[in-house]
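K.L.:
For this one, chain P is given, so just place chain C on it according to the hints.
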Amino acid sequence: MTDASAVMGQMDKPRRKPWPAELNALIGLVVIMAIFEIVGWSLVGQSFLMNKLRLSIMITQVAVVGILAVGVTQVIISGGIDLSGGSIIGASAMIAMSFAQVGTNPRAIFAAQGLVDLPILFPILVGLSVALIGGLINGALIAYVKLPPFIATLGMMVSARGVALWYTKGQPISFPTNEFMALGDGLMPVWIFIGVAALFSLIMKYTVYGKHTYAIGSNEASARMSGINVERHLMLVYVIAALLAGLAGLVLTARAQTAQPVFGTMNELDAIAMAVIGGVSLSGGRGSILGTALGMLIFGVIFSGFIFLSVDAYYQNMVKGAIIVGAVALDQWRQKRQAMEA
Amino acid sequence: MSDIILKTEGLTKHYGGVHALESVDFELRTGEHVAIMGDNGAGKSTFVRQITGVEQRTRGRIVFQGEDVNFKGPLDAREAGIETVFQNLALADDLDVPSNLFLGREKILVKLGPFSILDFKGMRAATDAALKRTAVKIPNLGNPIRNMSGGQRQCVAIARTATFASKLIIMDEPTAALGVQETRQVENIIRQLKANGEPMILISHNMRQVFDLVDRIVVFRRGRIVANLNKSETSGEDVVSYITGAKTGAEYAGAA
Chain P
1 MTDASAVMGQ MDKPRRKPWP AELNALIGLV VIMAIFEIVG WSLVGQSFLM
51 NKLRLSIMIT QVAVVGILAV GVTQVIISGG IDLSGGSIIG ASAMIAMSFA
101 QVGTNPRAIF AAQGLVDLPI LFPILVGLSV ALIGGLINGA LIAYVKLPPF
151 IATLGMMVSA RGVALWYTKG QPISFPTNEF MALGDGLMPV WIFIGVAALF
201 SLIMKYTVYG KHTYAIGSNE ASARMSGINV ERHLMLVYVI AALLAGLAGL
251 VLTARAQTAQ PVFGTMNELD AIAMAVIGGV SLSGGRGSIL GTALGMLIFG
301 VIFSGFIFLS VDAYYQNMVK GAIIVGAVAL DQWRQKRQAM EA
Chain C
1 MSDIILKTEG LTKHYGGVHA LESVDFELRT GEHVAIMGDN GAGKSTFVRQ
51 ITGVEQRTRG RIVFQGEDVN FKGPLDAREA GIETVFQNLA LADDLDVPSN
101 LFLGREKILV KLGPFSILDF KGMRAATDAA LKRTAVKIPN LGNPIRNMSG
151 GQRQCVAIAR TATFASKLII MDEPTAALGV QETRQVENII RQLKANGEPM
201 ILISHNMRQV FDLVDRIVVF RRGRIVANLN KSETSGEDVV SYITGAKTGA
251 EYAGAA
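Chains P and C, in that order, are what the protein sequence lines are. Note that the numbering used here has the first sequence beginning at 1, numbered continuously upward. Note that the numbering used here has the second sequence beginning at 1, numbered continuously upward.
Isolated chain P, as found in the complex (with noise of 0.2 Å):
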């Protein structure tokens, strides 16, 4: 076959390795660690990253937030999209600390039935349960009843606040066991999310799981046609994005030591602008957990930055959505050179 190598040969035009979006990201992170740098130095006189304080101030905001990210990455990935994290973050936080009251507390919502100073287990298993709950329906409804992403999830996201507002009647819920607060004390949301993020950055990388996933969001018909099995795969991508949408609601309650039905409002919008900035492609099939926490760091810095520079919070949420709409475009231009180079 020497022919076929010698025609195969004239057609090996070398291909440049594409350029990973996560060196983007962690380009722009530098950037804007340097610039507010510079100018804490000029303006404010003291160093901005050489405070140990305010580093994990910055990081323990970010991660809770960044648990949930790492589920909606992940369905990102599978090209869809959930909307419905931060109100099942609300939902599990007031349903789970509703079971994680000290006896000591008169007002305790299950008082009366003797359900107080529970062992921790209990209340986890309670929040991931509402949290399951809420993806499998999500699951089914994307999957089975074959209805698209967008909508399914924003019916959750309405729906499941509606729980969270409903159990108490918008009353929050407080005085949780000494227990059950350590799960959100000190730095733990940020193991919590180390930890969340190292499995899940394998799980993606090493396994059917993961292969499966970035197989879908390429292209759902080809994996369909390869034999995967495309309803029971997303089931599972949504039941998992919902799960660590729960654990992120049971971090966060714990650390705020009591649930607000508002819990996780407008979260999985920067959820899923971390995993944008981190270059996950919207349109599925590529982007990766480490792009995602590069993206949650960047988030991290600027509001961060945006306090330690005394800048009006109301700034914030502008240059947010700014943010956003940049790293959307920078995708899709890059997508745009990618096509025209193959």
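I should point out that these hints are in silico values taken from the structure, not numbers from a laboratory. On a predicted model such as this, the values are computed, not experimentally measured, just so you know. Heads up, some of the hints might be wrong.
As the list claims (entries may be wrong) - Going by beta-carbon spacing under 7 Å, a handful of chain C positions derived as facing chain P:
| hint | residue |
| --- | --- |
| 1 | L75 |
| 2 | G104 |
| 3 | L118 |
| 4 | F211 |
Claimed, not checked - Only pairs whose alpha carbons sit at most 16 Å apart, straight line, appear in this in silico EDC-like list of lysine to aspartate or glutamate:
| hint | chain 1 | residue 1 | chain 2 | residue 2 |
| --- | --- | --- | --- | --- |
| 5 | C | K167 | C | D76 |
| 6 | P | K336 | C | D96 |
| 7 | C | K167 | C | D39 |
| 8 | P | K205 | C | D96 |
| 9 | P | K205 | C | D119 |
| 10 | C | K107 | C | D119 |
| 11 | C | K107 | C | D96 |
| 12 | C | K137 | C | D76 |
| 13 | C | K247 | C | D39 |
As the list claims (entries may be wrong) - Here are a few chain C residues that sit away from chain P, every Cβ distance over 10 Å (derived from the structure):
| hint | residue |
| --- | --- |
| 14 | E9 |
| 15 | S45 |
| 16 | D68 |
| 17 | V69 |
| 18 | G81 |
| 19 | D94 |
| 20 | R105 |
| 21 | K194 |
| 22 | G197 |
| 23 | N206 |
| 24 | D238 |
A virtual CB, placed ideally from N, CA and C, is assigned to each residue, including glycine.
P.N.:
Here is chain C on its own, set in the frame of chain P:
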């Protein structure tokens, strides 16, 4: 007659009132390459869709390796050893070559249900072997398919059929969208498969290609087989007259 690998008897497919396929009797022997030709709408693709289980036939028998088969879907057919290269490739653009070859049939290192760990080394080695067997050369197997030319993508799709111990390969117009050089490259792969003794059904409109590659030409017209010709006993003009309806094979006189 144990050397007959695929046989259909009275294979019929109606879409409502449309008789897309009518009583088709077809045979394919071990190691044989057969071309199916015919005008658009003659029933070639319908025929393939019945064999590969993409659609369910209205009537008739399909015998594969001496056994009656009823494939419920394309996966059943694939598991039985019938590999198909579809016109629309069925590749995932964002995955690399080994991932595409093994999509849906990954080699597993540690079994953990959906979270089973992939055997990258094993898949890479099998990919190298499959590409060697089909004489396909692709630089940077680790690059996503997206960055490859149409010809390279088609080669990957074909190499996929050769990765697994397939007993029958079906190609539906594999070179329709390719340039001259890329077509040559795919044809070389087909010759290689022939040399390996792997039976194949090739659907093609390209007369030159058909005469270059196959042993036998079966012509479809209006859902029926109208000619079954040995390459050595026929000519391009002859085949064209069967396709257009100017001629009908003696044994199919009643057909059209």
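K.L.:
Would you mind marking each hint as holding or not holding in the structure?
P.N.:
Outcome of the hint check:
The beta carbon of C/L75 comes within 5 Å of a beta carbon in chain P, closer than 7 Å, and the hint placing it at the interface holds. Satisfaction of the interface hint for C/G104 is found here, the shortest Cβ-Cβ separation to chain P being roughly 3 Å, below the 7 Å cut-off. Taken as an interface hint, C/L118 checks out: its beta carbon lies about 6 Å from the nearest beta carbon of chain P, inside 7 Å. Contact between C/F211 and chain P, as hinted, is not supported at the beta carbon level, the nearest pair being about 18 Å apart and thus beyond 7 Å.
Among the hinted pairs, C/K167 with C/D76 is consistent with the structure: their alpha-carbon atoms are about 14 Å apart, no more than 16 Å. For the proposed pair P/K336 and C/D96, the alpha carbon gap of about 20 Å is over 16 Å, so the pair is violated. Annotation: proposed proximity of C/K167 to C/D39 is violated, straight-line Cα distance about 28 Å (limit 16 Å). Distance hint between P/K205 and C/D96 is fulfilled; the C-alpha atoms sit about 13 Å from each other, no more than 16 Å.
As the CA atoms of P/K205 and C/D119 are separated by approximately 12 Å, the hinted pair is consistent with the 16 Å bound. Restraint check: the Cα-Cα separation between C/K107 and C/D119 comes to about 5 Å, which is no more than 16 Å; the hinted pair holds. This hinted pair checks out: C/K107 and C/D96 have alpha carbons roughly 15 Å apart, not beyond 16 Å. Distance hint between C/K137 and C/D76 is unfulfilled; the C-alpha atoms sit about 30 Å from each other, more than 16 Å.
The hinted pair formed by C/K247 and C/D39 meets the criterion: a straight-line CA distance of about 14 Å does not exceed 16 Å. Residue-level check passed: C/E9 sits 28 Å from the nearest beta carbon of chain P, beyond 10 Å. At the 10 Å boundary, the C-beta of C/S45 stays outside the reach of chain P, the nearest C-beta of that chain being 15 Å off. Distance check on C/D68: its Cβ is at least 23 Å (rounded) from any Cβ of chain P, clearing the 10 Å threshold; non-interface status holds.
For C/V69, the requirement that its beta carbon stay farther than 10 Å from each beta carbon of chain P is met, with the minimum near 17 Å. The beta carbon of C/G81 is kept farther than 10 Å from every beta carbon of chain P, the shortest such distance being approximately 14 Å. The beta carbon of C/D94 sits about 4 Å from the closest Cβ of chain P, which is not more than 10 Å, so the claim that it is off the interface is violated. With a least CB separation of 7 Å from chain P, C/R105 falls inside the 10 Å interface cut-off, contrary to its annotation.
Separation of C/K194 from chain P is adequate, the least Cβ-Cβ distance of about 12 Å exceeding the 10 Å criterion. With a least beta-carbon separation of about 16 Å from chain P, C/G197 lies farther than 10 Å from that chain, consistent with its non-interface assignment. Once the 10 Å rule is applied to beta carbons, C/N206 is consistent with being away from chain P; the minimum gap is 17 Å. For C/D238, the non-interface assignment is confirmed: its Cβ lies about 29 Å from the closest Cβ of chain P, beyond the 10 Å cut-off.
Of the numbered hints given earlier, the model fails hints 4, 6, 7, 12, 19, 20; all others are met.
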